[in-house]
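Undergrad: So the protein sequences, as listed, match chains A and B.
Start counting the first sequence at 0; every next residue gets the next number (numbering that gives the first Met the number 0).
Start counting the second sequence at 0; every next residue gets the next number (numbering that gives the first Met the number 0).
Keep in mind that the hints were calculated from the coordinates and are not lab data.
The beta-carbon is built from N, C-alpha and C at its ideal position, and this holds for glycine as well.
Take the hints with a grain of salt, since some may be wrong.
These stretches of chain A come out as covered by chain B in the derived footprint (C-beta under 8 Å, 3 or more residues) [said to hold, decoys possible]:
#1 11–23
#2 162–170
Beta-carbon label-pair distances, calculated as ranges [claimed, not checked]:
#3 B/D118 / A/Q142: 26 to 36 Å
#4 A/Q142 / B/T114: 51 to 61 Å
#5 B/T128 / A/L129: 52 to 62 Å
#6 A/D172 / B/E45: 14 to 24 Å
#7 B/E124 / A/Q78: 32 to 42 Å
#8 B/K47 / A/F311: 50 to 60 Å
#9 A/Q142 / B/A41: 30 to 40 Å
#10 A/Q41 / B/H72: 56 to 66 Å
#11 B/T114 / A/A205: 54 to 64 Å
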Amino acid sequence: MTEPGREDTIAVIDDDSAMRLSCKKILSKVGYRVETFEDGAQGLEGVAGLRPALVLVDLKMPGISGMEVIGRVHGIDPQIIVVVITGYATVDTAVEALKRGAYDFLPKPFSPDELRLIVKRGLERRRLTLESLHHEVERALLQRRFVTFVSHQLQTPLVAIHQYLDVMRRLGDRQDARAQQQEWLERCLKRIEEMQALIRDWLTLAKVEGGRLASQQAKVDLQPIVAEALQRHQEVAARQGVSLQAHPSEKDCYVRGDSTSLSVLLDNLLANAIKYNKPGGSVSVSTEVEEGQIVVAVKDTGVGICERHRPFLFDDFFRIPSGEGEKAAGTGLGLPICKKIVAEMGGSIDVESEVNVGSTFRVSLPPYRERAGEGGSRESPK
Amino acid sequence: MAETATVLVIDDDRDFNTSVRAFLESQGYTVIEATSGHEGLAKLAERKPDAIILDIMMESLTEGYSVSAAIKHQPAYKDCRNIPIVMVSSIQKSPDERFPFSGDVGMIRPDRYLTKPIDFTKLLEILKTVVVR
Chain A
0 MTEPGREDTI AVIDDDSAMR LSCKKILSKV GYRVETFEDG AQGLEGVAGL
50 RPALVLVDLK MPGISGMEVI GRVHGIDPQI IVVVITGYAT VDTAVEALKR
100 GAYDFLPKPF SPDELRLIVK RGLERRRLTL ESLHHEVERA LLQRRFVTFV
150 SHQLQTPLVA IHQYLDVMRR LGDRQDARAQ QQEWLERCLK RIEEMQALIR
200 DWLTLAKVEG GRLASQQAKV DLQPIVAEAL QRHQEVAARQ GVSLQAHPSE
250 KDCYVRGDST SLSVLLDNLL ANAIKYNKPG GSVSVSTEVE EGQIVVAVKD
300 TGVGICERHR PFLFDDFFRI PSGEGEKAAG TGLGLPICKK IVAEMGGSID
350 VESEVNVGST FRVSLPPYRE RAGEGGSRES PK
Chain B
0 MAETATVLVI DDDRDFNTSV RAFLESQGYT VIEATSGHEG LAKLAERKPD
50 AIILDIMMES LTEGYSVSAA IKHQPAYKDC RNIPIVMVSS IQKSPDERFP
100 FSGDVGMIRP DRYLTKPIDF TKLLEILKTV VVR
């Protein structure tokens, strides 16, 4: 737990002046800013103005009771921590206060340490709540943006297909239209394939994020997975005139993960390396143990990535514009998927690149280590 | 025979452009294509069209509006200010007739607006109305 910062203000509401003074002294000593109020009404006014992080309130006061103050403070700001000071700490009173929204109660008499501890814990709880709220809002925004983006990405090809079919329907019999129809039909099919790829990647991303891609995390030998991935890409590489080279390690390369995720990771890296390559170029995949980490490097002799685009490389849907106003084929989700898979495995991914020379994507993964209670289980063959 | 009317189509999806071109050419129009606002403005400088079909969301969410603002306001395009612009987008116009994003970018109200996929019959009607031939 961190020590309080000077931005944490504490309000003390108690009709007993000795108590107000004492609390102020004890808490300011460890760096909190403390404001005191002698009754509920003034206290609430003060809280409204101050917006403290925490309020200490005595239950037994004339006028507005401590119990009522709890709810009213939360009416001002639900994130303010309220701790009630109780004189006759019967269980009922304490429970009632907690039910009303108090974070905790402090029965009199209490020591300075007890006071400081309860305040510290209350503020920590507040900090965590605020943090998670912030994350929730952020996540909701990202989610909505993602959904808007994906729906636009699906809409665009549907518009194209609709319009091609509409033109074909309207012009069907005409001689000049006939000649072009083949091409239009090809384009419709192409756009449909694009949509399917997008949906597939979108689902993969969702699965990786939801931790559903991996059914189990176990000891996995990386090298055969790399070899299989290279096999899968032989044909498309050959078609592009790109050669694939493997540089396996002589050492053991075991990681904690699952072969599905690792296959997806390698597929994405290999697909990119081939796609952005030059005819006659090559892709080399090396596996090595470096400084205790298992490193897989996918190096291509392709077009490279310029500095300007680097910061956005792993962003959802980012695709390097390939000029002439046409975005590169692909869903733009490949690298974000890789990043998430690698993160799930506790590793890291980065890239080195030079325009027109090529790029090297390096994935660094922690080597497999047995956990307490495990017997060194290997992933069962599929 | 009367000179055919020319329509400039600006949209970052080339299939959109191709299908619009195919239809309009079958109706006797001459079509010029551009796949970005930048390219569209360049084509405008080369040859004045009789109408412009302009996508709203290209490089940025509101690029179409920036392009139309350029055409209506920049001195470089002063000869083009009266060319009717038909803006297109897959976003529906809201019930109160406000154009998509119009609240955000203090903008030019397009002469006409069509949602994608384009209703080619409506497009023809619009062109017949706005193109003075």
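Undergrad: Now, for every hint given, state plainly whether the structure supports it.
TA: Okay, the hints, checked on the actual structure:
Here the region 11–23 of chain A counts 0 residues with a CB under 8 Å from a CB of chain B, which misses the bar of 3, and the coverage is violated. Remark: the region 162–170 of chain A is confirmed as covered by chain B, as 6 of its residues place a Cβ nearer than 8 Å to a Cβ of that chain, reaching the required three. For B/D118 and A/Q142, the hinted distance range of 26 to 36 Å is satisfied, since their beta carbons lie about 33 Å from each other. Here the CB-CB span from A/Q142 to B/T114 is close to 26 Å, at odds with the stated 51 to 61 Å.
Between B/T128 and A/L129, the C-beta spacing of about 58 Å keeps the proposed range 52 to 62 Å intact. For A/D172 paired with B/E45, a C-beta distance near 35 Å fails the hint of 14 to 24 Å. At about 58 Å, the CB distance of B/E124 to A/Q78 disagrees with the hint of 32 to 42 Å. Between B/K47 and A/F311 the beta carbon distance is about 38 Å. The supplied range of 50 to 60 Å is therefore violated.
A C-beta distance of roughly 39 Å is found between A/Q142 and B/A41, which places it inside the suggested range of 30 to 40 Å. The hint said 56 to 66 Å for the Cβ distance between A/Q41 and B/H72, and at roughly 59 Å that hint holds. Checked against the given bound of 54 to 64 Å, the beta carbons of B/T114 and A/A205, roughly 29 Å apart, lie outside it.
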